[in-house]
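**Student:** Here is how the chains run, residue by residue.
There are 2 protein chains.
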Amino acid sequence: MPTDFTATRALFDLPEGVIYLDGNSLGPLPRAVPARLQQAATAEWGQMLITGWNKAGWMELPTKIGDRIARLIGAEAGHVVLGDTLSIKVYQALASSLEMNPDRRVILSDTGNFPSDLYMAEGLCRTLGPEYSLKTVAPEDVMDAIDDSVAVLMITEVDYRTGRRHDMAALTAKAHSVGALAVWDLAHSAGATDVDVAGGKADFAVGCTYKYLNSGPGGPAFIYVAPRHAETARPALSGWMGHEKPFAFDLDYRPGAGIERMRVGTPPVLQLAALDAALDVWDGVEIADLRARSIDLCEAFIEQVEAACPMLELATPRDAAMRGSQVSFRHPEGYAIMQALIARGVIGDFRAPDILRFGFTPLYIGLDEVAGAVKILAEIMETGAWDRPEYKTRARVT
Amino acid sequence: MPTDFTATRALFDLPEGVIYLDGNSLGPLPRAVPARLQQAATAEWGQMLITGWNKAGWMELPTKIGDRIARLIGAEAGHVVLGDTLSIKVYQALASSLEMNPDRRVILSDTGNFPSDLYMAEGLCRTLGPEYSLKTVAPEDVMDAIDDSVAVLMITEVDYRTGRRHDMAALTAKAHSVGALAVWDLAHSAGATDVDVAGGKADFAVGCTYKYLNSGPGGPAFIYVAPRHAETARPALSGWMGHEKPFAFDLDYRPGAGIERMRVGTPPVLQLAALDAALDVWDGVEIADLRARSIDLCEAFIEQVEAACPMLELATPRDAAMRGSQVSFRHPEGYAIMQALIARGVIGDFRAPDILRFGFTPLYIGLDEVAGAVKILAEIMETGAWDRPEYKTRARVT
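So the protein sequences, as listed, match chains U and C. Residue 1 is where the first sequence starts when you use the UniProt record's numbering, and the numbers rise one by one after that. Residue 1 is where the second sequence starts when you use the UniProt record's numbering, and the numbers rise one by one after that.
Source of the hints: derived by calculation from the structure; they are not laboratory data. Honestly, I wouldn't trust all of these hints.
One copy or two, it doesn't matter: identical chains are merged, so the pair holds either way.
Claimed, not checked - Straight-line alpha carbon distances no greater than 20 Å define the calculated PhoX-like cross-link-like pairs of lysine-lysine that follow: (1) LYS245 to LYS392; (2) LYS55 to LYS392; (3) LYS64 to LYS245; (4) LYS392 to LYS174; (5) LYS392 to LYS201; (6) LYS135 to LYS174; (7) LYS392 to LYS135; (8) LYS174 to LYS201; (9) LYS64 to LYS135.
Bear in mind that the values here come from a model prediction, so they are computed numbers and not experimental data.
Turn these sequences into a full structure, and let the hints steer you where they fit.
**Tutor:** Here it is, written out as structure tokens:
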């Protein structure tokens, strides 16, 4: 049965008069979340108190939800766990990788990677010592830069600015061929594209849940460890929840079984409850259908914008196979244009220096919204409505 | 005006028929939290979507709430920030300390410290290399073990099992006298005792909020960096939210101003909203009043239990100055006794191998509950009601 995207759309609570093309920054509120949050706060925390860890199943939420996400990223069940933030999960994956490849000292990434991934790698190298380094090349040069000096390749599958998609299987195969490991950041691909970490042979994968998985602001991150590494990867961030027996309160750390060892501290139960409710939206969704519809939406947007707004330059690859589920255009006045759009109810995002970014999430966006957004964008460009001082004052967060 | 603890008690939603002496594991639900959570989910996330980061002030929550906690731990305003879990904050504090003391290789702690702190230190040492080590001594031997080999002293102010309280000022002074830094874990003292990180000259302090600060299961942790280190401590976990300009998306990390650099990833807005509401309880509370009443409650409990239950052995120091806000007793059948108590509505906690642990939080516990709990405990001990098979089967979480 093909996925019913009219039905999924009805599961979201979107404000009237808004065309929301920024689900790749923060997904909108699924209707089921407020009630689940209330349940977690009042019926669970309020009434069960400390016994909620057992009675309400809080302790198992990180792995139970991990299995729900595993299906969406092509991972084997039992090999994904939730917790912390994406930056922390990047650090865990990198530190484990470097420890598993002890004769090498280079983390390879690209300049299109999300800066926090690069910052975490920098921090890890500084902790490890001056012989360790982070090397970054241009996105299109990654394949050629993978050589036998590389300990671990760290790549974000879909570029947060341009929407360019890296070929996970090909880059990972090249990494493996020279004895390197591969860590994949799925921040802009989990829930957006047909991710396949098992098929792509990723060693580690990490991602966040507040974008296309709609868990709400600051929702927890996830980490995947390939089954072949599950019992050998040692966590550098060795917290009690990743211990073999957390409640034995032993003085020495022993890693827990498999993916459990990637847990660190006490799980954020309220945010996990919100995420759990948000994932209900995915129950009837086939990823192949999602991907097909995402491509339709992006193609339609590109075609219509290029026809109506010739002054905008496409920053996203034209080949659908090379894209995630977003479309970006460049314009020197991109910031002001985005503010004018937002003032008219079309919410996208601006990324320095000149990128207008639009995310297309088939769960709640259809061809009507594509046409509606293009109409407003075209009006703004034709009338120069963006050229007002209040659209040029930059807020701290955009 | 003295603190009105009748008023603070009315701010909590405690189940009928329960005497809750486990606020040192998980604080109960403040009545203001559910509405604040709903507001964050529906009015903020649901309606503001991505603009909530500015319009609802989400981005500033970690430092704004940090200032509210600063008052409760004797910290200077502007030097506490929220985020992550306590284990992650321990790692940050230790990694920064070791980097600030580069000629030394030893982390000194004690065997009464919470195991996750020790595990995180172990993990950090493994990442740093074989020349680094974690040394643990008995709690009473810490002072003598501080010598000029020690890079950083890592101590939890109040012992999670026995309630024994270390002397922050004295141990920190000794550490400084030999050129070591001091990291203090306030998990069992923030909101429970008269913590004074500035007066005690702590270099770093960390703590969790889901115990005596009542933020709910998995609420975020906090970190304090002494003002003298604010601009020099370099975070090993260098995430984008700790960058000088997160939204410039620079490729290189530059630490943010002061405490901001201890932020890592995207803050958990829903859990922070719950915490913010939970902290309203503290608005009229003077810490000196809290401490005085905490001592009264603990003294009364010790006196009454020792009179009624001579077979229980006090595990907590008899001198109030040497205690936090909990009282522990030992008994070989401690686990079964605690299950019998819980079955009768007195919720305390068991900690292996033989500790019955009772937390006394003046915000919602009074002398009536002390007497009520002792009455039930005495009945259980006199009748041997704990000696039933169902009380001896151990659940995963206790």
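**Student:** If a hint holds in the structure, say so; if it doesn't, say that too.
**Tutor:** Hint by hint, here is what the structure shows:
1. LYS245 to LYS392: Between copies only: 19 Å across chains, 55 Å inside a chain, cut-off 20 Å.
2. LYS55 to LYS392: Classified as between: cross-chain Cα gap 18 Å, same-chain 53 Å, threshold 20 Å.
3. LYS64 to LYS245: For LYS64 and LYS245, only the intra-copy Cα distance (18 Å) is at most 20 Å; the inter-copy one is 36 Å.
4. LYS392 to LYS174: neither (45 Å within a copy, 55 Å between copies)
5. LYS392 to LYS201: This pair counts as neither: shortest intra-copy Cα distance 45 Å, inter-copy 46 Å.
6. LYS135 to LYS174: within (17 Å within a copy, 43 Å between copies)
7. LYS392 to LYS135: neither (35 Å within a copy, 56 Å between copies)
8. LYS174 to LYS201: within (11 Å within a copy, 53 Å between copies)
9. LYS64 to LYS135: Neither: 36 Å inside a copy, 37 Å across copies.
In summary, the numbered hints that this structure violates are 4, 5, 7 and 9.
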